[in-house]
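As given, the protein sequences belong to chains A and B, one line each in that order. In this note's numbering, each number is its position in the first sequence, counted from 1, plus 462. In this note's numbering, each number is its position in the second sequence, counted from 1, plus 462.
Treat the hints with care, as some may be off.
One copy or two, either will do: identical chains are not told apart, so a pair holds if it fits within one copy or between any two.
Here are the simulated SDA-like pairs of lysine to any residue, each with C-alpha atoms no more than 20 angstroms apart in a straight line [unchecked claim]:
#1 K663 / P741
#2 K725 / N744
#3 K692 / P715
#4 K692 / G713
#5 K550 / K831
#6 K561 / G645
#7 K815 / T826
#8 K710 / E572
#9 K749 / N544
The hints are simulated quantities; they were obtained by calculation from the structure and are not laboratory data. Fair warning: this is a prediction, and the values are worked out from it, not measured in the lab.
2 protein chains.
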Amino acid sequence: MEFEIHNLKFETICFRLFPKRNGKPLAIVSRAKQFIDNTRVCYGTPGGRPAFFTIMKVLIQLLLWLLFSPVLFAADSLPSWNDTAAKKAIVAFVERVTKPDSADFVPAPERIAAFDNDGTLWAEQPIYIQFAFTRDRVKALVPQHPEWKTKPPFSKFISTPKEEMVAVTEHELMEMIMVSHAGMTTEEFGKIVSDWIATAKHPQTGKLYTEMTYQPMLELLAYLRANSFKTFIVCGGGIEFMRPWSEKVYGIPPEQVIGSSGKLQFEMRDGKPILMKLPEINFVDDKEGKPVGIQQHIGRRPIAAFGNSDGDLQMFQWTTAGSGPRLALIVHHTDAQREWAYDRQSHIGKLDKAWDEAIAKGWTVVSMKDDWKTIYPSSR
Amino acid sequence: MEFEIHNLKFETICFRLFPKRNGKPLAIVSRAKQFIDNTRVCYGTPGGRPAFFTIMKVLIQLLLWLLFSPVLFAADSLPSWNDTAAKKAIVAFVERVTKPDSADFVPAPERIAAFDNDGTLWAEQPIYIQFAFTRDRVKALVPQHPEWKTKPPFSKFISTPKEEMVAVTEHELMEMIMVSHAGMTTEEFGKIVSDWIATAKHPQTGKLYTEMTYQPMLELLAYLRANSFKTFIVCGGGIEFMRPWSEKVYGIPPEQVIGSSGKLQFEMRDGKPILMKLPEINFVDDKEGKPVGIQQHIGRRPIAAFGNSDGDLQMFQWTTAGSGPRLALIVHHTDAQREWAYDRQSHIGKLDKAWDEAIAKGWTVVSMKDDWKTIYPSSR
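Sequences are here, hints too, so could you generate the full structure?
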């Protein structure tokens, strides 16, 4: 939707008021614009320019001045990032697409940013966190299934030490996921996840898993949102596993979480509708599945994508194939001291082909060791 | 996320400033709040209360005063609605959930509103608009398939008059949809839809289909958004058919459109990634499918649902089964003069069981004839 006041684009007016500010006021401007558009429809004057807009124009200019003068320009939005090439690439990209008189300006609704979760927003070693959840669920169900203690693959899940991957086939893993993720309602499952994530701790760091998110990435999410990006999770992990805590931890609401999923079935139970989680795969949001998941859920191509492994390659390809400026950023796990160091040979978060393509195509590769001042948020 | 300033909830402060205003300033407040939350994370003080907030508090109070005094309270947000029970029910509901000291207050992120499209936001008689599109596509493809002129079901599609449903079996209809909606990339299909919707006209009214949206519902969408609701389409129609124009026509961005869909496949074509539309059903977003689609895409239960037919019954059931205040609203087509009149016996938009349940459960039933001053937007 184009929005004009006396033949000037609204964003241009604001930019003219704040020429030195690199388009940053646009975050609030686009919200104000949306509000005004709504209001115009409310008042039945979607095409008109009533006196109301003359008043609004003055008020909003004042408002922007008041709001932005002391705030947005006072400090650095990415304080946990070292002042290296990665950070510069991020800031340059955001300024390019948000500056209203930039040739590469992107309207706010098209500022879609897609983030992988495991290994990109939080840790994934020594085993995926959802795998730890699955194992804990299997263990919690043993009292109801004592035979599992001796019956593989259950027995393997129960006996393998916490910090080790269980040696299972893909089929066996799927069986475990179905046992632990299906046969209950979506609400029941959400409650189980919420309870688990509130208390379960990493076997090596002793931290809550939600404390093993990456502070620089939390800042990046917030920085993008402050610049009117809509941030999405696009991850191979389970959609219903991430949603109960994504809003609290990342500021990403459930409707902006895309992940793998099982089939659901609407039923009436005692006269009340429920959604049953069936032991059947609905969608796998990994590799070739990521662009498909993006199209199904978002319906437009992201202009920025963030990942850490070969599972994100197709998402990077899809994102960067659009016209105009694009940002593809890979988190490279290079910090054995503060986190983990792994790439081409790793069984988890293998980074091989995507790394080659990043080098060939000039995508941004972040070295956690060199580019990040801190890894995890300081305890709150 | 709770947000406090000196132990007062931010929304409470604003409400205390504007006690007579029934919580309406909350639309902008919640945006300001989101902005501030983002900013707080930016500045690395997610738990703190720096001096910055004292400044912000004053500024935002001023801002709200300036912004809302002349605007939101100057006029009626639903001018095309008669002052009848339906309108009163809508306004009462919105005030109940947005008033911060209401026992039924709902935080902004949970204000999810789900709208059916066909027959709820735009007309669906004498044939679904997507059916008209399908037929036009089949006809447009005849030069490449001259044999279709005599081969059913193609021949039936080609020869039946524009204002009549083609007498086809469900299987035959599906064959036509696959022919016209698959075998091309998502981008190619989006372009075809955009071109068609810009020019195709209704056989009886001569209007563009996008001019056959309902003005009272456009106002309702805007009114809800101005009160920090997130508005979604949840419709049996094709997701890729609605997305190219939903933002322009309804203010609903593609990522908030849920509909039926075909399977997609990621491929590389001449070194560029594409998403092919396969001739295979992925999801049917109708009846029992609607709550499933809502869960898959939104991940939380709407607090308000709007529909017009039995296809919306399960969405109403799912929406109203949540705790707290709920709004279920049925658009009843009662206006043979200005639109169409149909319900229990109609082949399109049949309203029978959902009507009975609406009466039994006290859901709001809108009579288009009695409750709406105008049907379509005045020409722009």
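Hints, verified against the model:
1. K663 / P741: neither (27 angstroms within a copy, 46 angstroms between copies)
2. K725 / N744: So K725 and N744 pass the 20 angstroms test inside a copy (5 angstroms) and across (12 angstroms) alike.
3. K692 / P715: Classified as both: same-chain Cα gap 10 angstroms, cross-chain 12 angstroms, threshold 20 angstroms.
4. K692 / G713: This pair counts as both: shortest intra-copy Cα distance 11 angstroms, inter-copy 16 angstroms.
5. K550 / K831: within (17 angstroms within a copy, 60 angstroms between copies)
6. K561 / G645: Classified as neither: same-chain Cα gap 50 angstroms, cross-chain 39 angstroms, threshold 20 angstroms.
7. K815 / T826: within (15 angstroms within a copy, 56 angstroms between copies)
8. K710 / E572: between (24 angstroms within a copy, 13 angstroms between copies)
9. K749 / N544: Neither. Shortest intra-copy (30 angstroms) and inter-copy (53 angstroms) distances fail the 20 angstroms Cα cut-off.
In summary, the structure is inconsistent with hints 1, 6 and 9 from the numbered list given earlier, while agreeing with the others.
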